[in-house]
Amino acid sequence: MSQATTVKSMRQPTLETLGLGGILDIFRRGALPADAAALVDRVFGPRGERGSLVISGASGIVGAGKAMQLGARLAPHGVRVVALDFPGAPDGIGRQYPGLVEALGRDGAARVMSNIVRLTYDGKTLPEELKALRPRFLLEAVPEILEVKLAHYAVFRAAFPGIEIRSVTSGFPASRLGVGIAHPAFPHEINKMWEVVEDKPSDVTQLLWALGMIPLPVADNWSFVLDVLFCGVTHAGLRHHRRTNMPFWKADKLVRKLVGANPFRAHDVIGAKGANFLTWSCLHHLAKEYGAVFEPTPELTERKETGQPWYPLDHFRPLVDWTLSPAEQEEFRVAILGPLFQMTSLMLHEKRGHLSHLNSIGETCAQFRHGILAMLREVGAEKAKQTVAAYHATHPEAAKQAWYPEAFDHMDTPEWQQLYVNAEHDGTVGVVTLSRESYGWDVDRELNRALDWLKAAGIRRVILTHDFHLATQLVGADTADFFPALSSAAAGFEVSSAWTRTARRLWSDFDASVGFIGGKRCLGGMYELLMHCHHVVAVDDVRIGFPEVGLPVVPGMEGCHWPLRRAATEHWPKVMHALLSGTAVRGKDCVGWFVDAAAPMDEALRTTWALASGTASGPARRPLAAGPLVGLPTSVSGLAAADDPLVETGRAAILDCVTRTCAVSAADAVDLQSRISADFLASKPARDGRVGAEFYRVMGA
Amino acid sequence: MTTTSALFPRARIPYGTWGSSYFPAWQTSALAEVNIGQFAGEAMARILSLRRVPTSALEYLVIGSTIPWHWKFWTAPLVASCMGRRIPGFHLEQACATGLQAVLVGAAEIEAGAKDVVGVLTFDRTSDSPVGVFPERRAHQRTHAIADVWDNFGFDPATGRAMLAAAGLTARKYKVDRREVDDIAFHRYEQYFRAKDSGFLNRVLVPLDLLNVGGRPLGRIDEDKGVKRISLGSLRAQRELDTCVTSGTQTHASDGMATLLVTTREKARELSARPEIDIRLIGKSEVRCEPSHMPEAPAFAVQRLLQRAGLTMNDIAVAKNHNPFAVNDAVFTKVTGHDWRKLNQTGCPLVWGHPQGPTLTRVTIEALEEAVDLGGGYVLVFGCAAGDVGIAALFEVRDGGTR
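Those protein sequence lines, which keep their order, are chains F and Z. First residue of the first sequence: 470, per the working numbering; consecutive thereafter. First residue of the second sequence: 379, per the working numbering; consecutive thereafter.
Think of the hints as simulated: they come from the structure by calculation, not from any bench. Glycine included, C-beta positions come from ideal geometry on N, C-alpha and C. Do not take every clue at face value.
[To be verified] Cβ-to-Cβ under 10 Å is the rule here; a few derived chain F residues that face chain Z:
{"#": "1", "residue": "Arg511"}
{"#": "2", "residue": "Pro515"}
{"#": "3", "residue": "Arg516"}
{"#": "4", "residue": "Arg711"}
{"#": "5", "residue": "Arg712"}
{"#": "6", "residue": "Met715"}
{"#": "7", "residue": "Pro716"}
{"#": "8", "residue": "Phe717"}
{"#": "9", "residue": "Thr770"}
{"#": "10", "residue": "Glu771"}
{"#": "11", "residue": "Asp783"}
{"#": "12", "residue": "Phe785"}
{"#": "13", "residue": "Pro787"}
{"#": "14", "residue": "Leu788"}
{"#": "15", "residue": "Trp791"}
{"#": "16", "residue": "Thr792"}
[What the hints assert, rightly or not] DSS-like, lysine-lysine: derived pairs with alpha carbons at most 30 Å apart:
{"#": "17", "chain 1": "F", "residue 1": "Lys661", "chain 2": "F", "residue 2": "Lys1057"}
{"#": "18", "chain 1": "F", "residue 1": "Lys820", "chain 2": "F", "residue 2": "Lys852"}
{"#": "19", "chain 1": "F", "residue 1": "Lys869", "chain 2": "Z", "residue 2": "Lys645"}
{"#": "20", "chain 1": "Z", "residue 1": "Lys553", "chain 2": "Z", "residue 2": "Lys450"}
{"#": "21", "chain 1": "F", "residue 1": "Lys742", "chain 2": "Z", "residue 2": "Lys645"}
{"#": "22", "chain 1": "Z", "residue 1": "Lys574", "chain 2": "Z", "residue 2": "Lys450"}
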């Protein structure tokens, strides 16, 4: 097939915003669109002339975290990391060592640490030793004071003309700084998201992607999407406190229940002193630019100086609960969502970024249960406007500026409707991409729309995969969507049967369907989805498994019988072991039962394309045993006794489900599995387990 | 109505910004398990929220309590922090007069012009009262350990007598009839349950949910636990502990808090849901009577207050008192000639218990609420304290209008 064939997509693939093209092209090409080694050469110079990465303000929370994260990834490429800070700065780098040991082991940690060169300077003159290290890229993480930052750039440019500079700033636009921005999300050691501001996708941004990060291009405005959302929801909680006296801890818990985020707890965890200042600084600048909707409250202004935490100290753990009346609950909803919706209207008006980016930032970085656009979409334009109007009734000054209700007028477009799932096709082969790491109702609906779109275009061959950008792994079902099922077997049945119906479409609606597992892992409900494809291809080292037993829950998308129906009898013990132990297996170790092929990335891509396009031969399609299975093992050897009685209960339930669903036909097993799964979710063990605990933690406020 | 000048002309109590917890009896509720100072601060924030008063409006906090609580050293600023506000303030105590004295001191703060909005917050936990260990080098024991509530109730160091003995002594002095005392107690229960059944208490008392350290429900404080309907026959049958004093004709220890605001007139209008209601503090008096004759002291305080104000009991729309013993009310009638049946129309501490610090604050709140129901008038609040002290205060409610 010609590589020049026009590719159509439901909406723009997010990868394209990085200048890396679409997803279908990755499979057609049989290679990823960017190579880390080549990009390292471009950014840091070729081996032999390799320059270094300088992180200034390296002892701070951001600087130290990024020194670890980037250091670990750049060390194999021979790029040294220079950690620069003032002589008196507290040691932020050394504090990272235990975490590094935990992540990489003692030897790995030592390798990263020995690659870091720690230098101090007086803020005016760069140390002489720096020249020998050939700085090529400066990641600036100095305090949020414009003059300080500008002077810092001037010093570096004078000493190292042509050096690439990015600021991690929390709020200043690139136009004020005169440098590009790479604004990372907390926690800085592990969060891979960076909001980047630059004229066009640069080598630096593509290198971040190639190193496994998630750069998200956004427009050049005061503060970034994450800051607007996170500081915005904090601000909304503060305003509600000011109006109603609601304690910060209670506002925090109710925000978590309503939105998912823990704004006040997060400030305390990050470090109230620094986080309070950053939030104040962000809101202060936003208020100057956009008006009262962002105006910091006196409580925040006071705490920016004192660093006082928001939660009471342990000896004053909250005593008087706030049991809200329905009217108070509505008041709270309006107080939180009103300003959030208004702030989002502003960001939409300013076209701050791809809608999936705006949505994903809230979810991945600000703990939103559903991204802000998914929430708006669910609420609907009219109700969202009514919510903002109700908020303005309590805060009239906010209505005067930065409110763009028309920004909600196009919710029926694919950009709004396909936040988590996209589809592309070239007229013959389609690819469906998942931009969310966990499966939920939003994904389910969008996936059905994507499959409909492909079918309407006459596409009979399809690949299902992660999106190579926002979702770097597929972790399973979003257990928050199970909450109603904890008290209602009917609700559980609805989740299980509806999601199963969607998954079955991959088996029945297409001539060829290939699931591609290319991220770090594919677990639980996400694997149950992909296993319904005619073929599953994995990269060698991805981890695949059923962690349900540990929660415990019973897999609800046919995990208890479908893999057995598609595996040869000699593999049945391995499938059973995986189901009952919860242990994930590597892609290359489960060929023939969980996957059909496993290979290094490029080869796996090529195999996937061969199977999907039918242009080359691949592994034969494993048949589905549609009738009752005979001879299933009744016990599994090598299964260690579980420490937790809940896990034993889960094992028994899963084994029971396997036995019963395999004893009937594949057609009859659908409802049976859904019923067993739903009954277990509504049982005491599930409520006592992790799903129940999470429900209480999130919804118990 | 006779008009008289106000003691604190600048000070007002904004109508409806007040509230009290229920007063569960000693050791019957989750309040027995908490730091009562923290509880009071957090409860005040919640009550003010329900009253639509932001705590940010508060400038100062006067707290009153009589029983030491954990971290009492830090007094009002700490309690304010539990409310979510870093405002100054101080702590006062005057035994059972604390709840009224705190209101008076709050008004004095306003009158002094230093503040426009003062929070008054009183609280106490009689359950699990702390034990103080005092070096007493001149005592043969060398060290005294005192359980704060019960050892003090049982021993007035100035006279060596118990509170209960003071009631008996006073009953004998005034030749009070035991049957009348039982009648008074029975009548007070009838008044309480009538007010409760009418929904009156729901307007001043706020149910509060408590959490344990794990954030799980610890209990709901939504009734004056321990208060049960009582028959006259059962009162009559009770054994006398001292003259005219039985367990049925005296109050019981309880736990709780109560709060109200004292503000300038302008702030009262701004903060009250019914700004047309004007509540002023007209006067106060405090007296001491013969040693260990506490039940007569409030009557003397009232006499002095009314005399100074140029009023009589006939001018009073609502009269309500702290009456730890029904003997108090019998003696009040003997001293003033005012029928005890006219007091305490909506209940009193004899029935709903006595957590000490907040008792007279709740009495005040209920009395003011009752006066508003009646369309305004003078409100007399009085009570006894510490063996021989009487305290009385006179408020005026104007433009109340009936509901």
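Check: Against the structure shown, which of the earlier numbered hints fail to hold, in ascending order?
Finding: 1, 2, 3, 9, 20, 21 and 22
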